[in-house]
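Undergrad: One-letter residues, chain by chain:
Protein chains: 2
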Amino acid sequence: MKSYAFGIDLGGTTVKIGLFDPQGTILEKWEIPTDKSNNGANVLSDIAASVLGKMKEKGIGADQVEGVGIDVPGPVLNETVVNRCVNIGWGVIDVGKELSEKLGGLTVKVGNDANVAALGEMWKGGGQGHQNVVMATLGTGVGGGIILNGKIVPGTFGAAGEIGHMCMNPNETAVCGCGKKGHLEQYASATGITRMANDYLASYTGESSLKNIADPSAKDIFDAAKAGDQAALDLVDKLGDMLGRAFALISCVVDPEVYVIGGGVSKAGQILIDVTEKYFKKYAFHASENAKITLATLGNDAGIYGAVRQVL
Amino acid sequence: MKSYAFGIDLGGTTVKIGLFDPQGTILEKWEIPTDKSNNGANVLSDIAASVLGKMKEKGIGADQVEGVGIDVPGPVLNETVVNRCVNIGWGVIDVGKELSEKLGGLTVKVGNDANVAALGEMWKGGGQGHQNVVMATLGTGVGGGIILNGKIVPGTFGAAGEIGHMCMNPNETAVCGCGKKGHLEQYASATGITRMANDYLASYTGESSLKNIADPSAKDIFDAAKAGDQAALDLVDKLGDMLGRAFALISCVVDPEVYVIGGGVSKAGQILIDVTEKYFKKYAFHASENAKITLATLGNDAGIYGAVRQVL
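Those protein sequence lines, which keep their order, are chains A and B. Using my numbering, the first residue of the first sequence is number 14, and each one after it goes up by one. Using my numbering, the first residue of the second sequence is number 14, and each one after it goes up by one.
Extracted from the complex, chain A is given alone in its bound form:
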């Protein structure tokens, strides 16, 4: 094992880069902007220049670098080929090969961002100490990552862990961002929670502080629930029912030891864990009932931790 490795989290606005030691301690982290001009043609050169610049600055030789792990917001095949990143402007591109060439032959491994975040949380976050971990990221959408035996499950078509598109309600009439109907993301993402709240409050006859808020956010709802608002408590219960059932379905497939919930919605804290666990136990096959449900702890750093883990 060499002395250094880099973890890179490529987002649509910024690229986060971390310099790590082999035990996964961050020695330094910084950001560069994501240049989306010209369909993202400069992104890999910018990243390579930043990494090589840091190596020069610190006097780190190529022979001291174990490798470079990177995550991207799109499906990845064979830890190297990215199959369309809409947010960056990329089509099909062999990121592993191209970035390695720009880095003078350093080992590069590439993963999908949701999968890599799950790997990061397994290694240094909410899933620490476990090898079979499923992460659900509840943000604008719902992302997921499946880790078995400490490794990302990428899927045949790069779609493993796409738990946001599990069809939870075949009778749904509203359409998911992907074009199909009744998907988890329509109920458990930040936007889905607001949509559910608007629907519920429209026919809710009791008093509720949420009625004074146009398009209540997940935070509004959780805050009101913590203050005892009944409509808010009902909505939290609906979310827990949906998420707990989704986890119970996942347990029938891969039976993980722990579920880690991250993303903006998870800032609600323990109340979200408690309600999800309640319904998970209701729906789960008895053998899997004792899987843990916990909060993510790495926040925005999950990506760089998971990215570097790919090469360590």
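No wet-lab data here; the hints were simulated from the structure. Treat the hints with caution; some may be incorrect.
Treat identical chains as interchangeable: a pair holds within one or across any two.
Keeping only pairs whose Cα atoms sit at most 25 Å apart, straight-line, the calculated SDA-like set for lysine to any residue is [unchecked claim]:
{"no.": "1", "residue 1": "Lys193", "residue 2": "Lys295"}
{"no.": "2", "residue 1": "Lys305", "residue 2": "Leu90"}
{"no.": "3", "residue 1": "Lys294", "residue 2": "Asn96"}
{"no.": "4", "residue 1": "Lys280", "residue 2": "Gln36"}
{"no.": "5", "residue 1": "Lys224", "residue 2": "Asp314"}
{"no.": "6", "residue 1": "Lys194", "residue 2": "Pro183"}
{"no.": "7", "residue 1": "Lys115", "residue 2": "Glu44"}
{"no.": "8", "residue 1": "Lys295", "residue 2": "Pro183"}
{"no.": "9", "residue 1": "Lys69", "residue 2": "Lys295"}
{"no.": "10", "residue 1": "Lys42", "residue 2": "Leu65"}
{"no.": "11", "residue 1": "Lys164", "residue 2": "His143"}
{"no.": "12", "residue 1": "Lys193", "residue 2": "Glu290"}
{"no.": "13", "residue 1": "Lys295", "residue 2": "Asn182"}
{"no.": "14", "residue 1": "Lys251", "residue 2": "Asn182"}
{"no.": "15", "residue 1": "Lys71", "residue 2": "Glu44"}
For clarity, every value in this text was computed on a predicted model and none was experimentally measured.
Given chain A, put chain B in place with the hints provided.
TA: Chain B only, in chain A's frame:
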């Protein structure tokens, strides 16, 4: 690689045993009864005696045997410890260790029967040529097995692949054999199909040949559907909807390349594949939509093929 290996499929009535070459050709296969007396205390000794007897008969030395793979009808941890086999009478028992001792130290690997059947179908059956395979066995119950990168996914609590207990309908009032409600097994097993048929026919006002049959079986229903009976076609459609949606859910977790359908219900043939595929495409996330759905081909031999594959 040595010249021989044994694959053993332990069922509640008989033990099937196969002698294989390292390429997976069956050289000989035979059965012995499963002695369930005294909580199955003699089962492993009977198996060992049969294997050692065959080795003596054929003049095969222990140094020519790569190993012995066995499957059991219960959850298995770490490829060795069985955690209760209700059908055999066993509690917690280290089958790998005990059988190896009775076999003079031969390598023994143990798997759950549904998982091992999936491995067999991947290797020599309907999933041949693929490394990421999910098998659904539609029999008295619904079993399943998940194969990723050519290996069984056992799960943390031995419950990976328990797809029969996926909660497909949270509003179901009837109870599954496991004590919870709305599970796939309640709709897609042989008994579940009959139950659905009775419910549907009770309120079906049209003509149907099925109305003349008390408790129509899956075979009765598929035969009537092939003959154009509308009620039977409706029931086949309901089954395909349920199974196709279950597969779409599974694809969001592990994204396999192929689904293999086995068990008694799969004798219906292509009509079952066609209707499952129709609904799979309806519900699946677009990236996974092209996964194949196919019939199992090994029948009752899937167990011994998969069992021996564990040691080859």
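Undergrad: If the cut is 25 Å between Cα atoms, do lysine 295 and asparagine 182 qualify within a copy, between copies, both or neither?
TA: both (18 Å within a copy, 13 Å between copies)
Undergrad: When no copy is named, should lysine 42 and leucine 65 be tagged within, between, both, or neither for a Cα gap of at most 25 Å?
TA: Within one copy only: 14 Å inside a chain, 62 Å across chains, cut-off 25 Å.
Undergrad: At most 25 Å between alpha carbons: which applies to lysine 193 and lysine 295, within, between, both or neither?
TA: between (27 Å within a copy, 8 Å between copies)
Undergrad: When Cα atoms must be at most 25 Å apart, do lysine 251 and asparagine 182 count as within-copy, between-copy, both, or neither?
TA: both (13 Å within a copy, 15 Å between copies)
Undergrad: If the cutoff is 25 Å on CA atoms, where do lysine 305 and leucine 90 land: within, between, both or neither? Let me know, please.
TA: Answer is between: at 19 Å across copies they meet the 25 Å cutoff, but 30 Å inside does not.
Undergrad: With 25 Å as the alpha-carbon cut-off, assign the pair lysine 295 and proline 183 to within, between, both or neither.
TA: both (20 Å within a copy, 10 Å between copies)
Undergrad: Given a CA cutoff of 25 Å, do lysine 194 and proline 183 count as a within-copy pair, a between-copy pair, both, or neither?
TA: Classified as both: same-chain Cα gap 7 Å, cross-chain 17 Å, threshold 25 Å.
Undergrad: Evaluate lysine 224 and aspartate 314 at a C-alpha cut-off of 25 Å and name the case that applies: within, between, both or neither.
TA: neither (36 Å within a copy, 63 Å between copies)
Undergrad: With identical chains, the pair lysine 280 and glutamine 36 could be close in the same copy or across copies; at 25 Å between alpha carbons, which is it: within, between, both, or neither?
TA: neither (28 Å within a copy, 54 Å between copies)
Undergrad: Given a CA cutoff of 25 Å, do lysine 115 and glutamate 44 count as a within-copy pair, a between-copy pair, both, or neither?
TA: Classified as within: same-chain Cα gap 19 Å, cross-chain 62 Å, threshold 25 Å.
Undergrad: Could you place lysine 164 and histidine 143 in one of the four classes (within, between, both, neither) given a Cα distance threshold of 25 Å?
TA: both (11 Å within a copy, 20 Å between copies)
Undergrad: Treating 25 Å as the Cα threshold, decide for lysine 69 and lysine 295: within, between, both or neither.
TA: Neither way: lysine 69 and lysine 295 sit 56 Å apart in one copy and 53 Å across, limit 25 Å.
Hint violations for this structure: numbers 4, 5 and 9, all remaining hints satisfied.
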